[in-house]
Amino acid sequence: MAGEVIVRFPPSPTGYLHIGGARTAIFNWLFARKHKGKFILRIEDTDVERSTKESVEGILDGLRWLGLDWDEGPYFQSEFHQEHVDVAQRLLEEGKAYKCFCTKEELEKKRQMALKEKRSTVGYDGTCRNLTPEEVREREAKGLPYVIRFKVPKRSGKIGYDDKVLGRIEKDYSEIEDFVIVRSNGRPLYLLCNVVDDIRDRITHIIRGQDHMANTIRQILLYEALGATPPVFAHMPLTLDPKKRKISKRTHGEVVSVQFYREHGFLPWALVNFLVLLGWHTSDNREIFSKEELIEAFSLEGISKANAVFNFNPDDKEKVKKFFTDPKALSINAHYLRTIPVEELAGYVEKELRDAGLWDEAYKGERRDWFLKTIDLIRTRFHTLKDFIGPGRAYFSDEFEYDQKALKKNIHKHPELKELLPELGERLDSVDSWTLETTEEVVRAYCDEKGVKPGIIINGIRTVITGQLKGPGIFDCMVLIGKDRVVRRLKECGALYE
RNA sequence: GGUCCCAUCGUCUAGCGGUCUAGGACGCCGGCCUCUCACGCCGGAAACAGGGGUUCGAGUCCCCUUGGGACCGCCA
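Heads up, the first sequence is in our numbering, so the first residue is 47 and it goes up one at a time.
Hints are computed from structural coordinates only; laboratory data are not their basis. Certain hints may be false.
[Stated by the list, open to error] In silico DSSO-like cross-links for lysine-lysine, where the CA-CA straight-line distance does not exceed 27 Å:
id : residue 1 : residue 2
1  : K455      : K529
2  : K499      : K454
3  : K337      : K455
4  : K290      : K374
5  : K295      : K217
6  : K200      : K150
7  : K82       : K455
8  : K82       : K337
9  : K459      : K368
10 : K374      : K454
11 : K289      : K368
12 : K155      : K200
13 : K204      : K217
14 : K99       : K80
15 : K499      : K368
16 : K496      : K455
17 : K145      : K84
18 : K496      : K432
19 : K454      : K537
20 : K82       : K142
21 : K516      : K455
22 : K537      : K499
23 : K290      : K368
24 : K204      : K410
25 : K374      : K337
26 : K84       : K397
27 : K410      : K432
28 : K368      : K410
29 : K432      : K374
30 : K99       : K295
31 : K200      : K188
[As the list claims (entries may be wrong)] Pairwise CB distance ranges (calculated):
id : residue 1 : residue 2 : range
32 : S345      : K289      : 30 to 38 Å
33 : G213      : E300      : 33 to 41 Å
34 : P461      : K337      : 52 to 60 Å
35 : E483      : K374      : 39 to 47 Å
36 : E186      : E270      : 22 to 30 Å
37 : P461      : E309      : 51 to 59 Å
38 : D406      : K290      : 42 to 50 Å
39 : P179      : Y219      : 21 to 29 Å
Nothing here was measured: the structure is a model prediction, and the numbers come from that model. Glycine residues also receive a C-beta, built at the ideal position from the N, C-alpha and C atoms.
Starting from the given sequences, assemble the full structure and let the hints guide the process.
Right, here's the structure in full:
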């Protein structure tokens, strides 16, 4: 019994995978990998009206992109419908559940009354719990619709469990109402299905958000009634927005969807690394982990109790577009962008270039070396993959934008460059071997000759050939962009003054 | 309103009674480097929510207050 660890990620397909769900998946996946156990994917599509095929695809797609591979599934909860119904029937037969004929309207009325009178028990009052078999038959004969409620044992004292994150959690039996497990249309509810599925899948650990805590006690009751041992529970802290509200796709939109990060040039592992830090840590507070390191380091003990804020700026949008999401996420992404093997980066950049119509097959053939050198050079100040087709565009195309600030500061402020740069272009044109040394020599000599500060010329060149205000050392840029392009761009710089 | 959970810099967090004049990371500020920016390096501002206990000693244990959050569906 000390055996295998089996965990599951059970999203309900009612929208795309968002970072909260992704985080839950990550924690479960990590736990499974750490213990060489199984990670099961189960789609909880019991609520047919809200579940869509596109959602399922979106979720699978998101998980795959993040690199969270599952060992079983995806299973679809709806496929086990009959089993759920059978279990409910069994509970009914064993007297552990009962039919309740109260209508929604009646219950709503009662709830309002209770609320109004400020009574503590707003829940179900147990009206149908004590119906005699005759009374039940009578109502059934009349064709009255009914739901099936779980009969919470009448015991004194508390029921509880030891949460791996929160510690001992207990609740008084008297405070638990008889809850519905099957709808009046015959469809079992999540609370029941979830337990039945977890028992069937032999789930050993349930790692989920603290928003599920209220369900846990009731589910433990269900496990008991079904004669099964409850799994170990670990309730993770929630991810909140800067205003401390629970994040949701509905209120926060794209910025909380996993897809958003893919579209904004994130490396999948960088997102995983960032997300795992939201509510988990090691005792040495390390923050950058390779996949192997993370799996090795992960443990339930490191999960925080307190909710974590996902620090994006919903209001700041355009003002600080440098930080379109949590600055730390960006910083971690930049870290990986600058440190993963160039060959690995090449694959990601290829995709960006292809999508932007800038890809050249030669980058995989005779220009491979140039390609790798180039992305290795320019990545040092990039933050996302999108930068390769933005600020880095001039390396791959003759059609690139000029940064307005750069134009103003490095070009327009120095009218003399309109004559100087094309002339320098001529000089450079006659350079035989195009290297770091030769280009620097020619440029510096030209500066001396004209009595112009090197900085002015150099920054002018930078803006003319890359369109940027900033960038790598200028001679590196020149070498990589190549003689022809550099010369041409310098000669044609007059256009920038128009 | 009821039940439950939580509480260290702006944010993520280290801290599991003394080594805390509270450490790291991101962000921010200043400096070095320098052809720019970035990287890197150096330095700085920045927190134990408040009040009671317990203890020789509390960020660390207990209680209260305050604050925040979750749940309270025939949703999952």
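Hint by hint, which ones does the structure fall short of? 3, 5, 7, 10, 14, 15, 17, 18, 20, 24, 26, 28, 31, 37
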